[in-house]
Amino acid sequence: MALQRRLLQFINITKSCQKLCGVQSYSTQTAAQSDNGEKRKTHFGFETVDEDEKTKKVHRVFETVADKYDTMNDMMSFGVHRIWKDIFMMRFAPTPGTKLLDMAGGTGDITFRYINYLRNQASSNTEKRSSVTVSDINQSMLNVGKLRAEKQGYLKDSPVDVDWLCADAEQLPLPDECYNAYTIAFGIRNCTHIDKVLEEAYRVLQPGGRFMCLEFSQLPNSTMQWLYDQYSFQVIPVMGQLVAGQWKPYQYLVESIRQFPDQEKFKLMIEAAGFRQVTYENLTFGVCAIHSGFKL
Amino acid sequence: MRAFTFIRKLSSVPKSKNFREELEINYISTNLFQKTLLTVGSATVALFDPYRGDMIACLGEVTGEASLKYMREKMLDNSEGAEILQEMPRINSQTVCFKSLSELPEDTLGRVYADFMRENDITADSRLPVQFIKDPDLAYVMQRYREVHDLVHASLFMKTTMLGEVAVKWVEGIQTKLPMCIGGGIWGAARLKPKHRQLYLKYYLPWAIKTGHNAKFLQGIYYEKRWEQNIYDFHKEMNISILTER
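Heads up: the sequence lines are chains A and B, in that order. Number 817 marks the last residue of the first sequence (the numbering used here); no jumps. Number 262 marks the last residue of the second sequence (the numbering used here); no jumps.
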C-alpha cells in the first residue's frame with residue numbers, strides 16, 4: 522500500500538501526454554539531450570525527466586507491479602509471452618557448462634526455462650556444472666523470483682547452481698569475463714543508458730561468450746503498428762486498472778516500448794559495444810525481437 | 017481488499033487548493049472507448065469480488081458525470097451544501113480528530129460516528145482519491161460522496177454487512193442518482209443469502225426506498241459542523257426514521 526502511495530506521488534503524466542490518449546499516432550521522441558550546464562534529460566515513457574529521476578521512477582514502477590507482474594503479462598499478451606520466452610530459450614540452446622548472467626531476471630521466467638532446458642538434455646557429461654546468476658536492480662522482483670523458484674522446485678536437485686544478485690545493469694559489481702552467456706529479456710528498455718548496459722555485458726562476458734536480448738520492438742508493417750498502438754494505448758492501461766488496480770505503470774510500459782530503438786538501430790548499438798555476428802529475429806510481426814551477438 | 021491509503025499533505029494552503037493539487041497529480045485522461053471498457057470491466061470484477069473497493073470507485077467515476085452535476089446543483093440549493101462546495105472540507109484521520117469525537121457525550125452525531133468506525137474496524141483513510149473525473153468541482157463532489165459514506169451508514173444505524181451496505185446503496189442511489197449506487201443496490205441484493213434476502217425484501221428495501229425519498233439530501237450536510245448535535249434531533253431535522261436500533 523505504501524508503494525502505491527509513493528508511486529502516485531512520483532509518476533506524473535504531463536498535459537502533453539494526456540492529449541495523446543486520444544491521438545491515433547504515437548511517434549517516438551529523440552534520445553537524451555543535454556543543454557550546457559543543465560542536467561541531462563531523458564525519456565520516461567512520453568515524459569521528459571532528469572536522468573537520475575528516471576532510475577527512481579522505473580524502480581517504483583516495478584516495485585508496484587511486482588506481485589501482479591506475471592498475471593498481467595499473461596493478460597496483456599494473452600499468454601503469448603510464454604511462447605516468446607520459449608523460442609528465446611530454443612535460440613539460446615545452452616549446453617552444460619554454461620555460466621549465465623540473466624539480467625533484469627526478476628521473477629525468473631528465463632532462468633526457469635534455462636534450468637528446464639539443461640535438465641532435459643541427455644546428461645552424459647555430469648562433470649560440467651552449469652550456473653545462473655539471476656540479477657535485477659529491483660529487490661521486490663527478485664523476491665518474487667526466489668519465491669517462485671522455491672515453490673516450483675528449481676533449487677533442489679538441480680544440475681544448475683542458482684544465485685541471486687541485486688545490481689544495476691549499467692554498473693555490475695562483477696569481475697571481467699566471468700560469464701559465458703548473458704541474457705536480458707524485457708528489461709533493457711527500462712535502463713537509462715542502454716549503451717552502458719551493452720558495455721557492461723561485453724565486459725563480464727568471456728571471449729566466445731554470447732549476448733542475447735529479447736525486447737519489444739517496432740513493427741515493419743505500418744497498419745499492424747497502428748493496430749498494435751490502438752491495443753496498447755486503449756486497452757492495456759485499462760487492463761492494468763482492472764486487474765492490478767494500477768493504470769500508470771502500464772501507461773509507462775506501452776510508452777517505453779515506443780521509445781526503444783528499432784531492430785536495426787539496436788543492432789548497431791550492440792555492434793558499437795564490440796559484439797560481432799549480431800543478428801536479430803522478429804517474433805509476432807515484430808512486436809518483439811531477439812537480438813544475438815558474440816564477443817569474438 | 018486493495019484499499020488505497022491516502023494521507024493528506026499537511027500544509028498551510030487552504031483546503032480547496034489542496035484538493036485541486038491532488039486531483040492534478042491523480043487525474044488520468046480517458047476517452048469514451050476506455051470509459052466503456054472500464055465500466056464493463058469494473059462492474060464485472062466488482063460483481064465477482066465485492067471486496068475490490070477500487071472497482072466500485074472506478075465504476076462510480078466513469079459512469080457518474082451526469083449524476084455528479086445533479087448532486088452539485090442540489091448541494092448549491094441550500095446554504096450548508098454551498099458552504100461545503102466553497103470550502104471543500106475533507107474527512108480523514110488528519111482532518112477529523114477521532115479521539116475527541118469518541119469522548120463526546122453519547123447520542124451525539126460525532127460520538128455515534130466514532131463508535132461506528134471503531135466497532136466496524138474501519139478507517140476514514142481508506143477512501144481512494146478520484147482519478148477519472150477532470151472537472152475539479154465534480155471530482156470534489158465524488159470525493160465528498162466517498163468520504164461521507166461512512167457517516168451515512170453511522171447516522172442511519174446501518175451496519176457494514178452486505179444487507180446494510182445494500183440498504184445504504186438504495187438510499188444513496190435514490191438521492192444521488194449515481195448509476196453505481198443503483199447498480200450496487202440491485203446486484204448487491206442478488207448476493208444475499210436466503211435469510212438476509214427475506215429481511216431485505218420485507219424490511220430493509222421498503223425502508224431504504226422510503227428513507228431515500230423522504231430524507232433531506234444527505235450529501236449536502238456539513239457533518240463536521242454538527243458533531244455535538246444529538247443524533248435523534250439530527251434524525252428529526254433530516255426527516256430520517258430508523259429501521260433498527262444501533
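Derived by calculation from the structure, the hints in this document are not laboratory data. Don't be surprised by glycine CBs; every beta carbon is placed ideally from N, CA and C. There's no promise every hint is true.
What the hints assert, rightly or not - Quick list of in silico lysine-lysine cross-link-like pairs, DSS-like style, CA-CA up to 27 Å:
(1) A:K677 with A:K667
(2) A:K589 with B:K51
(3) A:K562 with A:K667
(4) B:K193 with B:K115
(5) B:K175 with A:K578
(6) B:K115 with B:K51
Said to hold, decoys possible - A few chain A residues that don't get close to chain B, going by computed Cβ distances all over 10 Å:
(7) N594
(8) D607
(9) Y723
Stated by the list, open to error - Per label pair, the in silico range of CB-to-CB distance:
(10) B:E99 with A:D783: 56 to 64 Å
(11) A:T805 with B:F64: 25 to 33 Å
(12) B:D93 with A:V601: 30 to 38 Å
Hint numbers contradicted by this structure: Of the numbered hints given earlier, those the structure breaks are 3, 4, 5, 6 and 12, listed in rising order.
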